[in-house]
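S.K.: Here is how the chains run, residue by residue.
Protein chains: 6
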Amino acid sequence: MFLHTKRLQYFTPPSKPDPIYAKKLQELIGGSMGEMTVMMQYLFQGWNCRGPAKYRDLLLDTGTEEIGHVEMLATMVAHLLDKAPVEMQEEGAKDPVVGAVMGGTNPRDVIAAAMNPQHEIVSGQGAMPADSVGFPWNGRFIVASGNLLADFRSNLHAESQGLMQAVRLYEMTDDPGVRDHLSFMIARDTMHQNQWLAAIEELQSDGFEETVTPKIAHEYGKKEYAYQFWNNSEGQESAEGRWAKGQSIDGKGQFEYVANPQAVGPIPEPPQPDPKLHATPATPAMQKTSDNGAKNFVDSAVDTVKQITK
Amino acid sequence: MFLHTKRLQYFTPPSKPDPIYAKKLQELIGGSMGEMTVMMQYLFQGWNCRGPAKYRDLLLDTGTEEIGHVEMLATMVAHLLDKAPVEMQEEGAKDPVVGAVMGGTNPRDVIAAAMNPQHEIVSGQGAMPADSVGFPWNGRFIVASGNLLADFRSNLHAESQGLMQAVRLYEMTDDPGVRDHLSFMIARDTMHQNQWLAAIEELQSDGFEETVTPKIAHEYGKKEYAYQFWNNSEGQESAEGRWAKGQSIDGKGQFEYVANPQAVGPIPEPPQPDPKLHATPATPAMQKTSDNGAKNFVDSAVDTVKQITK
Amino acid sequence: MFLHTKRLQYFTPPSKPDPIYAKKLQELIGGSMGEMTVMMQYLFQGWNCRGPAKYRDLLLDTGTEEIGHVEMLATMVAHLLDKAPVEMQEEGAKDPVVGAVMGGTNPRDVIAAAMNPQHEIVSGQGAMPADSVGFPWNGRFIVASGNLLADFRSNLHAESQGLMQAVRLYEMTDDPGVRDHLSFMIARDTMHQNQWLAAIEELQSDGFEETVTPKIAHEYGKKEYAYQFWNNSEGQESAEGRWAKGQSIDGKGQFEYVANPQAVGPIPEPPQPDPKLHATPATPAMQKTSDNGAKNFVDSAVDTVKQITK
Amino acid sequence: MFLHTKRLQYFTPPSKPDPIYAKKLQELIGGSMGEMTVMMQYLFQGWNCRGPAKYRDLLLDTGTEEIGHVEMLATMVAHLLDKAPVEMQEEGAKDPVVGAVMGGTNPRDVIAAAMNPQHEIVSGQGAMPADSVGFPWNGRFIVASGNLLADFRSNLHAESQGLMQAVRLYEMTDDPGVRDHLSFMIARDTMHQNQWLAAIEELQSDGFEETVTPKIAHEYGKKEYAYQFWNNSEGQESAEGRWAKGQSIDGKGQFEYVANPQAVGPIPEPPQPDPKLHATPATPAMQKTSDNGAKNFVDSAVDTVKQITK
Amino acid sequence: MFLHTKRLQYFTPPSKPDPIYAKKLQELIGGSMGEMTVMMQYLFQGWNCRGPAKYRDLLLDTGTEEIGHVEMLATMVAHLLDKAPVEMQEEGAKDPVVGAVMGGTNPRDVIAAAMNPQHEIVSGQGAMPADSVGFPWNGRFIVASGNLLADFRSNLHAESQGLMQAVRLYEMTDDPGVRDHLSFMIARDTMHQNQWLAAIEELQSDGFEETVTPKIAHEYGKKEYAYQFWNNSEGQESAEGRWAKGQSIDGKGQFEYVANPQAVGPIPEPPQPDPKLHATPATPAMQKTSDNGAKNFVDSAVDTVKQITK
Amino acid sequence: MFLHTKRLQYFTPPSKPDPIYAKKLQELIGGSMGEMTVMMQYLFQGWNCRGPAKYRDLLLDTGTEEIGHVEMLATMVAHLLDKAPVEMQEEGAKDPVVGAVMGGTNPRDVIAAAMNPQHEIVSGQGAMPADSVGFPWNGRFIVASGNLLADFRSNLHAESQGLMQAVRLYEMTDDPGVRDHLSFMIARDTMHQNQWLAAIEELQSDGFEETVTPKIAHEYGKKEYAYQFWNNSEGQESAEGRWAKGQSIDGKGQFEYVANPQAVGPIPEPPQPDPKLHATPATPAMQKTSDNGAKNFVDSAVDTVKQITK
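Heads up: the sequence lines are chains A, B, C, D, E and F, in that order.
According to this note's numbering, the stretch in the first sequence is residues 14 to 323, in order.
According to this note's numbering, the stretch in the second sequence is residues 14 to 323, in order.
According to this note's numbering, the stretch in the third sequence is residues 14 to 323, in order.
According to this note's numbering, the stretch in the fourth sequence is residues 14 to 323, in order.
According to this note's numbering, the stretch in the fifth sequence is residues 14 to 323, in order.
According to this note's numbering, the stretch in the sixth sequence is residues 14 to 323, in order.
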């Protein structure tokens, strides 16, 4: 169960509205690497966590914090959308030439044309669960496999991409309020990158996992192909990296560089199509007109078997 | 530019058709963590790579291999869909009671009802760019930020989730052909997990990156919040992990456990809505009927400014 | 079956093209609360209506009208996209300073950059089944449950949101043609809000439904929780409303304000994961390596049963 | 900011696993009318609420409760997926004939074929943010316009459809644990239908809104069309309802039944296409080959204007 | 404007319910090649048609007919979902062994597990705007470019795929009612394939188009590459076709078979990333820490220009 | 298996960056008619091709070429995004008045506001698998039915729409580099239109197919409706075309123009809803409260049958 505290985790209002920046900031709310993704990813991982309580609690504590991050950003977007054109107009007016132009036709076009139109028409100056081009957040953005090593690596990836985007957005504004606000979120993402790295270490020191996850893969995989780098191009620039020579990172093999890889498999011989599906066969003679009787695809297969097994 | 070799990278045909398994195997083709995802992710990362040639080549070599993995799986799906009901029927027929039932109504229902109907109606027994519930692959499944540390972590995450799924599918069949085939793919995924771990090491030893990416985050973030774990729940199981105490993984701080976190921000005071948008304001008196004149939202803002700046 | 009348239900051409407004007007065509939604919602509700003929006819009459509304808006969009830059240019040319700028580089950038690029590249100046950010209409936008009270409430919601958006768009233009055109659509939406309210009354006076739908919910629900308001936050502003005290709207209970709600359920004890799925268990000892044999997940479950039932 | 309580709001475990039912129950988690929808809808409405504090608190209290409902259902799904085939097998084994069949090939096919394959392959027996056919929840499922009357009607619609689905799922199982669990949720949905009806009353008694929202629509709409019902079909069953006669529900007009509606608009005369877009014009003569020069669509429009304005 | 006739264009009820077949038949309603696609494609093409009236009328007449086809199929689905399990049960009961099993546990599992669960939970036994795996129809399924030759080819493609699917579904049932019903739809699709072929001929004989559309492509394209077939694989099976030799179909060139194609372009030299975006550059030395000042990405670009242009 | 050649198939760099054009060019990469669509469509058709080797090779050769087209366009987008604002600024600076304005506030707004924000925030100046409004490419964009005539028609449609878009984009720029680059792609699309037309001829001359596909449709369809044009509107402009009279294109019938079409089917009588689903029936008396017992929908159906069959 969850409880709400009316105070925000952190908040600094913007010094002025900026509807174009509001559009961009949506990426951190509803983008594939935004706060809704980490919120939902950690909550679903936590709800499905069957491992030790400390990991479950870690996931749910962090997921709960992320709900508040969506709240912080939604509040910021509402402020950025407040009477934006007025403020932007004032700034333009200080420069005589620019002001003349902006007092005419132009600022209306620039701002009203380039902002996210749904911020006016649909949400009435509120945030939306969508990204910076208006594409809605969706459930395929999250990952929760039940295997904590795989999932913590997914969390590290999400925090790395997300922090990258937060930093880019930090540098795309010079509003001190927005920067102060993002500064808090950047700190929290810094913690979260550290935290998932720590949790990955802990999982291994607790004896749950090795380098390659899941462990059983080492047993199932064909070992002769498990440490080869295939150079599938002309030129061998890829031979220069750590992945091309020396002991493998999991310590169970030696990296091998295959400079001129050859296909190991055959040329495929696709099975002929069922006549009932009217796909094109190898020759017209094989394209028997399916009979006009009542049998369907599976029934006719059953008939064939009956004849065979007589 | 790309070239095609008619031979498959590796292939072992299934010993018998199995349309239900074909449906499941689609997860490895078009699922969010499937081969289309890694193929497209590595190709787009490679095409946008501005770093050293060895990394660009690494990405494009691996992306090119993954096109062939989609091809291998698509070929496998075509074989699994070939006359499936017949074979399944034969197996049932060996057991007298089961055979009696399966020679009647039942196998048609089970197989024809539970297979992916689009494998018959739409693709004519062919693979589709969709996952195991028929949801189509889409471009939001991939990540390519230009920052190689962030992107290699995304690749490690994709290979960890993908290998997990390949292993689960390996254990969901006892067909020796399918198992042999997956055995090759599991080996390649093992290599790829090793490879991205090696590339992460290399990026750091080459001097491009530190632990937290991007580096500048350390400068922008509020340091007092950058190493705190907030315990946003009753109970303190989350205090038991590596993330709650000791030096941070990036070596730049000390983890701190905040047992009873308090909101730092204010209670939000949302700005009042523009009357033109007919959202509900704080009091009815503030809900002035917008005038019936011709001005739009931005125009009226411009007018306001003009009056102010007179 | 349907018939088409070449005349539009209503139409006033715009006085000048405006491709930016055309982009915004797409919200009323293909947005989640647009005309395609009500058209499809009423038609599917009508086709699935098993209630009295008057309701079925009501749904299909209104759904049929809405096809014509999509047609009206598609025609308007085609006019708004016609040679738009020329007209916009003329207006700018009247003001000497603005004209100088607009005769140079700028208007091309503003208009061509901010319009929906698919209106040029894809549709050749025609309307598209998408919303104001170019996201396509989809079938999950509609609701048709077969329960007419639930569905009429959905219709009332759709007409309320849709009329709100039409009014916002009305105020975002000062083109008399567009305003006259929208004026007709606003009137029809006014009728439709009235109409669904009337149909809700009628359903109840006909004896089909009570306040809460479906009626059986009163029997199935735990009555002790059916009229409580849980105050899941610090502070009690929510105690001030009608929902916190007095008789419930359905007349079957008394609203009760629970100021400090307590969880009624237990701390969850998630079941341990199946070893075959390689999820992380409570302790490493429980993480038995799944055997390398041929059995899949369900087969091994069947084996377990066989042993138990011996 | 949010806090998590480890205890669930309410929970009764299922008496036995049932992976098919787990698939169906996903509708209440990630379906368009499921708990993720109401959770996100109320939170975003609350974060964007600029009206009186009691409404904002109402929205956020209820949205916070709904996060816990997603948690309850996710926990239930994990239990339903636990070792399901074993239990189902045991039940079949009690009936000798069925048991014989089920001990053979069949139950594996039925259960493993018809369950959501992602519950095994992707989530490792955990819940997913998707509906009963595996389609992911997405942000277009929610509505938050800032106008509280429109939004409360949307909330009433969501609770009506959602309660309908919960009741249907209640009747689709006879597991006493699941039924007890749903019984709690049905009660809460009963409260929520009552609550939004109460809030609609309160908004009107507070003086914010009238029957038709937004109020200004009455002023903007063409009054002669605002109370007409158009009978767009042969036959007049639709004349029998409350919507066809008498005073309109908003009290501002009289319903009028238009038995044989006639189009009021003209036959459209679509504008001719820009030659640069190569769409088909009215006659081949109008299909001038666009010149091969460097000008683009907007530039050529600008040139035209320059010639005109010379 | 549109009118509705209460009679269906054609209809034969199924002889018995079949919820599994209802699930499959959804492909013809809401699949990417289903009736909603052709309905919307022809209507949007017609609404945007600026060519001769006969083409516009052709499009709208056919689009209007397709609305009725969706209606026919939606009605069929409602009948197929009616009390389905009862009928299926009766059939099973006639065979003693099957009947014993089906009177036990099994038919519930087969039917209830494999039908589309939303047909019960969401639509209450009604059709939905979705395909056979429950994926919703969406606006990206249609094409309407304004160029009638391109669009008529799209229509021919849609009718070819759609008729293929209708024939497959015809053969997947032996219900005489369903077959009679589909027989009508197959005839209409036969007409529509003929019709679009006729319209393609007519467009060319009317002087609007040549073989390759749009005509101007012949002028813009590099002619030396416009008739070459590139053999991008080992082996030359592709040399055996009409496309590899002889006059091109448009009569403007000679097909040429390039057996060993060589890349004409250079090895790409990607531009170095902007330091503000923190992407990985060619060497660490180029990865200057972006300054901590207030300038954003575009501002700093402007500064650079100012220095250059001093 | 696939191999990569580091050289691009063809490439000319743009003479200057242009981020707005980069946004538009995304349509050719990830739009529904873009290069990712033809790449995936031809590859999946090839992998599923069971016809003669020449067709399979044709498909895979062309699909392989298209991977390289995505690569070419991705490289172009990276160049167009490189330091774009600087160049655009320089151009503006040459005109004194424009320069004054552009040296102020404006160019930042125009360019930074209207470019695709994800090109900065998400991809770090790289291409994305999305279209010109940022909507992601998805697997439902492709068609691969196994019937080669239907599929080659789909390919002709894709190349016709794609070439149209390439020509429109060619005319939307005057950058000689971009034009030269597109000139190559336009030539290849010209070849591909010719090629699929040739392949359609070849399929028929090889004896696989007739005009209407699949052939069996002629046998299954009701012949009396297979050549009628239904004039579903007032007015008879549609009577003037080739489709309204003369021999049908398939040579098997005569086109017939039905000027006043009448519905052939009945008024639908929808089956009454199952009481368990709480949909609204024809009269309240039929709306029996479903019993509160434990039976689900299918179980109660089974009970009914048992009573009937006693």
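In case anyone wonders, no lab produced these hints; they're calculated from the structure.
No residue lacks a Cβ here, since even glycine has one placed at the ideal position from N, Cα and C.
Worth double-checking, as some hints may not be accurate.
Claimed, not checked - Think about it this way: if two alpha-carbon atoms lie no more than 27 Å apart in a straight line, the pair counts; the simulated DSS-like pairs of lysine-lysine are:
{"no.": "1", "chain 1": "D", "residue 1": "Lys29", "chain 2": "C", "residue 2": "Lys235"}
{"no.": "2", "chain 1": "E", "residue 1": "Lys67", "chain 2": "F", "residue 2": "Lys67"}
{"no.": "3", "chain 1": "E", "residue 1": "Lys258", "chain 2": "F", "residue 2": "Lys67"}
To be verified - Here are the computed distance ranges between Cβ atoms for each label pair:
{"no.": "4", "chain 1": "A", "residue 1": "Glu214", "chain 2": "B", "residue 2": "Ile280", "range": "52 to 60 Å"}
{"no.": "5", "chain 1": "F", "residue 1": "Val271", "chain 2": "E", "residue 2": "Gly259", "range": "36 to 44 Å"}
{"no.": "6", "chain 1": "C", "residue 1": "Lys265", "chain 2": "B", "residue 2": "Ala252", "range": "22 to 30 Å"}
{"no.": "7", "chain 1": "B", "residue 1": "Ser28", "chain 2": "A", "residue 2": "Glu232", "range": "16 to 24 Å"}
{"no.": "8", "chain 1": "D", "residue 1": "Lys265", "chain 2": "B", "residue 2": "Thr296", "range": "50 to 58 Å"}
{"no.": "9", "chain 1": "C", "residue 1": "Val277", "chain 2": "F", "residue 2": "Pro279", "range": "51 to 59 Å"}
S.K.: State for each hint whether it applies.
M.R.: Hints, verified against the model:
Taken as a hint, the lysine 29/D and lysine 235/C pair is honoured in the structure, with Cα atoms around 22 Å apart against an allowance of 27 Å. Of the pairs offered as hints, the one joining lysine 67/E and lysine 67/F is violated, with about 41 Å between alpha carbons and a cut-off of 27 Å exceeded. Under the criterion of a C-alpha separation no larger than 27 Å, the hint pairing lysine 258/E with lysine 67/F is consistent with the structure, at around 14 Å. Here the CB-CB span from glutamate 214/A to isoleucine 280/B is close to 39 Å, at odds with the stated 52 to 60 Å.
Evaluation of the 36 to 44 Å hint for valine 271/F and glycine 259/E yields a pass: the beta carbon distance comes to about 42 Å. With their beta carbons about 47 Å apart, lysine 265/C and alanine 252/B fall outside the hinted range of 22 to 30 Å. Taking the beta carbon of each, serine 28/B and glutamate 232/A are about 22 Å apart, inside 16 to 24 Å as hinted. Between lysine 265/D and threonine 296/B the C-beta distance comes to about 25 Å, which lies outside the given range of 50 to 58 Å.
One distance hint, 51 to 59 Å for the beta-carbon pair valine 277/C and proline 279/F, holds here, with the actual separation near 54 Å.
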